[in-house]
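S.K.: Guided by the hints, dock chain X onto chain F, whose structure is given.
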Amino acid sequence: MTLWFAILVGAAVTYLTKLSGYAVPARWLANPRMTRVAGAITVALLSALTVMNTFAAGAGLVLDARLAALVVAALALWARLPFLLVVVLGAGAAGAVRWWQI
Amino acid sequence: MRPSQPTLRPASWTPAIRMGLSIAVATGLYGISFGALAVAAGLTVGQTMALSLLMFTGGSQFAFIGVIAGGGVPSAALGAAALLGVRNAIYAMQMNHMLQPLGWRKALAAQVTIDESVATAAGQTTLAEQRRGFWTAGLGIFVLWNLFTFVGAWLGDALGDPRRWGLDGAAVAAFLGLLWPRLRQREPVALAVLSGVVTALALPLLPPGLPILVAAAVGAAWGWWVPERAVAAPVAPDAEEGTAP
Chain F
1 MTLWFAILVG
11 AAVTYLTKLS
21 GYAVPARWLA
31 NPRMTRVAGA
41 ITVALLSALT
51 VMNTFAAGAG
61 LVLDARLAAL
71 VVAALALWAR
81 LPFLLVVVLG
91 AGAAGAVRWW
101 QI
Chain X
1 MRPSQPTLRP
11 ASWTPAIRMG
21 LSIAVATGLY
31 GISFGALAVA
41 AGLTVGQTMA
51 LSLLMFTGGS
61 QFAFIGVIAG
71 GGVPSAALGA
81 AALLGVRNAI
91 YAMQMNHMLQ
101 PLGWRKALAA
111 QVTIDESVAT
121 AAGQTTLAEQ
131 RRGFWTAGLG
141 IFVLWNLFTF
151 VGAWLGDALG
161 DPRRWGLDGA
171 AVAAFLGLLW
181 PRLRQREPVA
191 LAVLSGVVTA
201 LALPLLPPGL
211 PILVAAAVGA
221 AWGWWVPERA
231 VAAPVAPDAE
241 EGTAP
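Top to bottom, those sequences are chains F and X.
If you're matching positions, the first sequence starts at 1 in my numbering and goes up one per residue.
If you're matching positions, the second sequence starts at 1 in my numbering and goes up one per residue.
With the rest of the complex left out, here is chain F (with noise of 0.2 Å):
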């Protein structure tokens, strides 16, 4: 398999996958319990991909400079800072930490 095919081919997979959701009909999730349930997907999704982008390194975990960033991200958040700015003190922090390491 050549690179532009895998790229083409796992192209039109991953805009399949995306409509393959909207194909669900709506009223299927029109109900209590599947308002929660999807609820309940959001938080746990979030929360995955806060862990992985903070600790996954390949297929391991590592704590590195990004861990800098969570802390920081949080304490921002606490603070009531604006998102964009929380995003940016956590790019800051850790460019910071990277760079004090060196």
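Think of the hints as simulated: they come from the structure by calculation, not from any bench.
Hints may be right or wrong, so weigh each one.
Unchecked claim - Just the calculated beta-carbon pair ranges, DEER-fashion:
1) F/61 <-> X/12: 43 to 51 Å
2) F/33 <-> X/197: 24 to 32 Å
3) F/2 <-> X/164: 28 to 36 Å
4) F/32 <-> X/186: 15 to 23 Å
5) X/186 <-> F/2: 46 to 54 Å
6) F/24 <-> X/71: 35 to 43 Å
7) F/31 <-> X/185: 19 to 27 Å
8) F/81 <-> X/190: 24 to 32 Å
9) F/32 <-> X/126: 16 to 24 Å
10) F/100 <-> X/205: 27 to 35 Å
11) F/99 <-> X/197: 25 to 33 Å
12) F/30 <-> X/6: 26 to 34 Å
13) F/9 <-> X/206: 17 to 25 Å
14) F/12 <-> X/102: 17 to 25 Å
Quick reminder that beta carbons are idealized off the backbone N, C-alpha and C, glycines included.
M.R.: Using the frame of chain F, we list chain X on its own:
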């Protein structure tokens, strides 16, 4: 509430639009990181842009170039990307129920159904704000992500390792920022901790893409079986407005 339709004037932007734009800028800038890493992995600028334009789901894109950079064959890269994209089907089901787009909007909505646009929509309390949040974040990220993918691919080696600039820390902060407003009550905190721990345990054990699906399954099981706590429920929807910064 809102006296008129939002326009290009910042004064008329609703909280959902402001949140969507903030997320679009933060995520879009992260495209520099993807572009630079993709070229470093051995892709051409054209191949890198094809991934951002056509695949357009960051997790799958990073998985794809990660496999290639690690010496994997293209079919393995395709497999990892497809697996990581499965969560978008769950998002799409949620968005179809929440926004109910019709006709060509459904086809367009599908392409911009990603972590950030869904989280922005889910963070709003009225249908109009959910729609604005989804489309502002989705289309905004699409434009900026592709722009900055190109910048990153073009700068390539000149920039060096994008992690040196803390761009991976930006992603951490962004996802925590999206999760944060949902942690007001004790019960979602318990679920977030549980799914975070499960993800950390699953990461070294399972192939890329699966840990996040395990977390989704934990969330689904929690929502299905754990009874809602009566104390946590009664929050008037209007009181929640303005959660977005």
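S.K.: Look at each hint and say if it fits the structure.
M.R.: Comparing the hints with the structure gives:
1. For the pair residue 61 of chain F and residue 12 of chain X, the beta carbons lie near 45 Å from each other, so the given range of 43 to 51 Å is met.
2. In this structure the hint that residue 33 of chain F and residue 197 of chain X lie 24 to 32 Å apart at CB holds, the actual value being about 25 Å.
3. In this structure the supplied range 28 to 36 Å holds for residue 2 of chain F paired with residue 164 of chain X, their Cβ-Cβ distance being about 32 Å.
4. Restraint check, residue 32 of chain F to residue 186 of chain X: a C-beta distance of roughly 20 Å satisfies the suggested window 15 to 23 Å.
5. Checked against the hint of 46 to 54 Å, the C-beta distance between residue 186 of chain X and residue 2 of chain F comes to roughly 52 Å, which is consistent with it.
6. At about 38 Å, the CB distance of residue 24 of chain F to residue 71 of chain X agrees with the hint of 35 to 43 Å.
7. One distance hint, 19 to 27 Å for the beta-carbon pair residue 31 of chain F and residue 185 of chain X, holds here, with the actual separation near 22 Å.
8. Between residue 81 of chain F and residue 190 of chain X the beta carbons are some 26 Å apart, a value that agrees with the proposed interval 24 to 32 Å.
9. About 19 Å separates the C-beta atoms of residue 32 of chain F and residue 126 of chain X, a value consistent with the hinted range of 16 to 24 Å.
10. Checked against the hint of 27 to 35 Å, the C-beta distance between residue 100 of chain F and residue 205 of chain X comes to roughly 33 Å, which is consistent with it.
11. About 31 Å separates the C-beta atoms of residue 99 of chain F and residue 197 of chain X, a value consistent with the hinted range of 25 to 33 Å.
12. For the hinted restraint 26 to 34 Å between residue 30 of chain F and residue 6 of chain X, the CB-CB distance of approximately 28 Å keeps it satisfied.
13. Between residue 9 of chain F and residue 206 of chain X the beta carbons are some 23 Å apart, a value that agrees with the proposed interval 17 to 25 Å.
14. In this structure, residue 12 of chain F and residue 102 of chain X meet the distance hint of 17 to 25 Å, their C-beta atoms being roughly 23 Å apart.
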